[in-house]
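> Once you have looked at the hints, place chain U on chain B.
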Amino acid sequence: MSELKSGSNLEKMLAAGHFAVTSELGPPKSADVSLIDKKVAHLAGSVDAVNLTDNQTAIVRISSIASGKLLVDRGLEPVVQMTCRDRNRLAIQADILGAYVLGMRNLLCITGDHQCFGNHPTAKHVFDIDSIQLLRAVKDMRDEGKFMCGDEIRQGKKGELVPPKLFIGAAANPFADPFDFRVTRLAQKVAAGADFIQTQCIYDMERFTEWMKQVRNRGLHEKVKILAGLTPLKAFRMAQYMNSNVAGITVPEKLLKRMEAAEDGPAEGIKICQEQIEQLRETEGVAGIHLMAIEWEHKVPEILEGAGLLPRPTL
Amino acid sequence: MIVATQKPIEEIQGFLKARGHRKVLVLGCATCVTVCNAGGQREVETLASLLRLADDGLECMEKTIERGCDKEFYDGLDELVASCDAIISMACGVGVQLAARIYDKPVYPALNTQMMGINEGAGAWSEACLGCGDCKLGIRGGVCPVTMCSKSLSNGPCGGSQDGMCEVDQKNIECGWALIIERLKTLGQLDLIEEFAPPRDWSKMHDGRPRKIVREDLAGDTE
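Taken in order, these protein sequences are the chains called B and U. Each step along the first sequence adds one to the number in our numbering, with nothing skipped, and position 177 is 177. Each step along the second sequence adds one to the number in our numbering, with nothing skipped, and position 206 is 521.
Just chain B, with the same shape it has in the complex (with noise of 0.2 Å):
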């Protein structure tokens, strides 16, 4: 195994050549810590690291860093989710630091969604970076030591140089256009400095099949591990509103369908999630996935039992 560059349990499983698991947390919209606590004894045990979302949706909620706290707190490896919305580069690159020493070793690098779309409207956003300069700035941080002003990361020129060790971890989204360009911004972020790659959700495993081929073709998969994203339906009018509401996902008409027609809509939403993942685990290049079972995180351990992913490997 090549010298490990943060050492987190993600990267440490995936260097293994396990078909990794993540899943996702998204952290209360209020102080109440029981919600984590509940979350977490759903998630540990079956996953290998939980995604902690930074204000997701623009919406506001524990910051991702501070819920990662309470889930090392808990044993439970996170990977905190950093946008670049909210903060400018010398708060990111302070939380960066933060994150490190409060035993963080696994970080995503988003754009984050505009604000709009959450419950702060009128706000200023930020963006002074973009999530692939955020992504070469962790990276510099972590392999060059220096900051993103060309700076060394030590305390004075006698100082120890002590940089953050991170996974560092981007997201891709297949569905979104131009679609010739999606493998293209994949590859800028390999370039960029990501170690990993979760995507976006997927329904339709044609879109995706095809687009893996492109990332084959480029040789992507070699250089990068990619966690294929996935939300178990848990209801037809769920699917409907996927398939219409949220920008950059389509869910096929024969997945829509099956859901109209079954009986048990939660057991049929886990059915073809499971039957998802045993493709996936067929699909050349994906290395795990990224299981974002929404508002259901109790689910994931039945999902990934009947999948067969479960006892996860320990190292």
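In case anyone wonders, no lab produced these hints; they're calculated from the structure. Keep in mind the model is a prediction, meaning the values are calculated, not measured.
Straight-line Cα separation of at most 25 Å, DSS-like style, residue types lysine-lysine; simulated pairs: (1) U:Lys420 / U:Lys332; (2) U:Lys338 / U:Lys386; (3) B:Lys5 / B:Lys165; (4) U:Lys378 / U:Lys420; (5) U:Lys451 / B:Lys124; (6) U:Lys519 / B:Lys124; (7) B:Lys213 / U:Lys500; (8) B:Lys124 / U:Lys322; (9) B:Lys254 / B:Lys213; (10) U:Lys486 / B:Lys124; (11) U:Lys519 / B:Lys146; (12) B:Lys69 / B:Lys139.
Just chain U, lined up with the frame of chain B:
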């Protein structure tokens, strides 16, 4: 040009009522805001009439100067201004501020200054430049990522680009990066997209302080 739109008349009346002004000068500008039908001579006449109608006894004088952002065009207005309690400026924010700098009278804005934009036909404008001070149009096919992308991304498009439209408003806002890609394709310059664009130097934009420009070649002449 600079595009502006009129404030609700109640807001303008509110300025006058709050301070009991009885004699005001409605001051228009014959440049950008005339072209965008927001603050030229015609709009000055209309606003003055409306204010008079709504408040019997309010004295409204009218004047439109050639260019509200240039001091020399205020020459000869001293007497008129001296005779009134306040100025209602129908210029853009630049004109309002210059008038406020020249006169010891309250200057109230009648417009909301919106943007530097392109005239898209009758009654329609779209923003096209944020005055970032570090123009990248040369490598972006003549489409500005700072202005045309809702997130001002240097390396785009983000995942919210759908069928050439921006997820912020899929009916009305085009994805700036989709436009850039299309344009570079047409120009045969798509290679420019793959290059990493480093973080921008926002200090060239407004961030942190008002910008001032002194061109020695020109400024020298006035000495």
